[in-house]
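Kindly produce the complete structure, drawing on both the sequences and the hints.
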Amino acid sequence: MSDKITLAYPAPCVYPWFEGVWAHWQQLLISARFPHALLLAAPPGSGRRALISQLAKVRLCRDQTDSACGHCHHCQLFAAGNHPDIHWLAPEKPGKQIGIDAVRKVQRQALETSQLGGARFIVIECVERLGEAAANALLKSLEEPPSGCYFVLLTDSLDSLLATIVSRCSVWKAPQAEADTAKAWIEQALQRSVPDHAVGLYRGAPLAASDFVASGGLEHHHAVVEGFSTYVCERAGLFDTIEVLVAHYPASLNWLSHFLLDVLKWRQGVGQTIVHRHHHQRVAEVANALTTQQAHSLLRALHQLQRQLQIHTGLNTELVVSQWLLSIGE
1 MSDKITLAYP APCVYPWFEG VWAHWQQLLI SARFPHALLL AAPPGSGRRA LISQLAKVRL
61 CRDQTDSACG HCHHCQLFAA GNHPDIHWLA PEKPGKQIGI DAVRKVQRQA LETSQLGGAR
121 FIVIECVERL GEAAANALLK SLEEPPSGCY FVLLTDSLDS LLATIVSRCS VWKAPQAEAD
181 TAKAWIEQAL QRSVPDHAVG LYRGAPLAAS DFVASGGLEH HHAVVEGFST YVCERAGLFD
241 TIEVLVAHYP ASLNWLSHFL LDVLKWRQGV GQTIVHRHHH QRVAEVANAL TTQQAHSLLR
301 ALHQLQRQLQ IHTGLNTELV VSQWLLSIGE
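When we follow UniProt numbering, the leftmost residue of the sequence shown carries the number 1, and every step to the right adds one.
Since the hints were derived computationally from the structure, they do not count as laboratory data. Any given hint might turn out to be false.
[Claimed, not checked] Derived lysine-lysine pairs resembling BS3-like cross-links, with alpha carbons at most 30 Å apart:
(1) 173 / 140
(2) 93 / 173
(3) 140 / 93
(4) 105 / 93
(5) 265 / 183
(6) 183 / 173
(7) 265 / 173
(8) 140 / 96
(9) 105 / 173
(10) 105 / 140
(11) 96 / 173
Spelled out as structure tokens, the structure:
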């Protein structure tokens, strides 16, 4: 099955934590110095897709430079969700690579004449998932971008990208939303109060935190913490723990990563900075059940496990997780 290439794009929006970045981009648009290749590093769930959609809307508008008029034919097509000159490429499934065929298709679209006589706008999400051949092919387009075509690349982390791709782009690292700002936004969006750890678990990604709370994630997270803590402290409930971790994978392993980091903080006497304040008793219990070296090794093994599951999508998640749990205390 091929990579997903679609003209669908998210509703444009500039969230409060992106206002500084957006103001800089507007100045570049006004001065006609906007780069032909832009790379934005921001976590999923931060609102990065909405920000880029806002940029595309403005860049494709025929009547304005730093804001969209909302009335021209381009703006009307954009509002309808079917502007023909914006192309959005993403992996078909989480963890799946973007192949050479998908990149070649957007390269052809970049070379084609605009259907509306304006700019072309190409967005590549999760650019860190480009295969080697795909990355090299994209590099050629970034080195010699077609006239009137703008590339925007989105990534979680700059560290995972080819240095040659990074060097061909104007690089922007998104500022992280302040915890108070993120919490206030989430509570306003959901019209309910949320605990601090809901924000801390998704630091830098308020939209993801909001989805986490709205989808019942607080209860799922509590079940993961309880199951894991019981197993570590009492060596009981192995199969129940495996079941809850697999049921809520991949989020469950991310939650445990935060939890184990809190365990290390607790052992080092900096418990006031932990994310799991609401579960501080469980943090303390696990911290007392493990040595500092054991907690370090467990966290390192968890990160390796996560990378393996992301890279090798055919692995049996239940088997890999059970092996990791059984290694505790060895």
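Hints versus structure:
1. As the CA atoms of residue 173 and residue 140 are separated by approximately 23 Å, the hinted pair is consistent with the 30 Å bound.
2. Under the criterion of a C-alpha separation no larger than 30 Å, the hint pairing residue 93 with residue 173 is consistent with the structure, at around 25 Å.
3. A threshold of 30 Å between alpha carbons decides the hint, and for residue 140 with residue 93 the separation of about 26 Å falls inside it, so the pair holds.
4. Our distance criterion of 30 Å between C-alpha atoms is met by residue 105 and residue 93, whose separation comes to about 18 Å.
5. For the hint linking residue 265 to residue 183, the alpha-carbon distance of about 23 Å falls within 30 Å, and the restraint holds.
6. For the proposed pair residue 183 and residue 173, the alpha carbon gap of about 21 Å is at most 30 Å, so the pair holds.
7. Distance hint between residue 265 and residue 173 is fulfilled; the C-alpha atoms sit about 27 Å from each other, no more than 30 Å.
8. For the hint linking residue 140 to residue 96, the alpha-carbon distance of about 23 Å falls within 30 Å, and the restraint holds.
9. Of the supplied pair hints, the one linking residue 105 and residue 173 holds, its CA atoms being roughly 28 Å apart against a limit of 30 Å.
10. The hinted pair formed by residue 105 and residue 140 meets the criterion: a straight-line CA distance of about 14 Å does not exceed 30 Å.
11. In summary, the hint linking residue 96 to residue 173 is supported, as the alpha carbons are separated by about 24 Å, within the 30 Å threshold.
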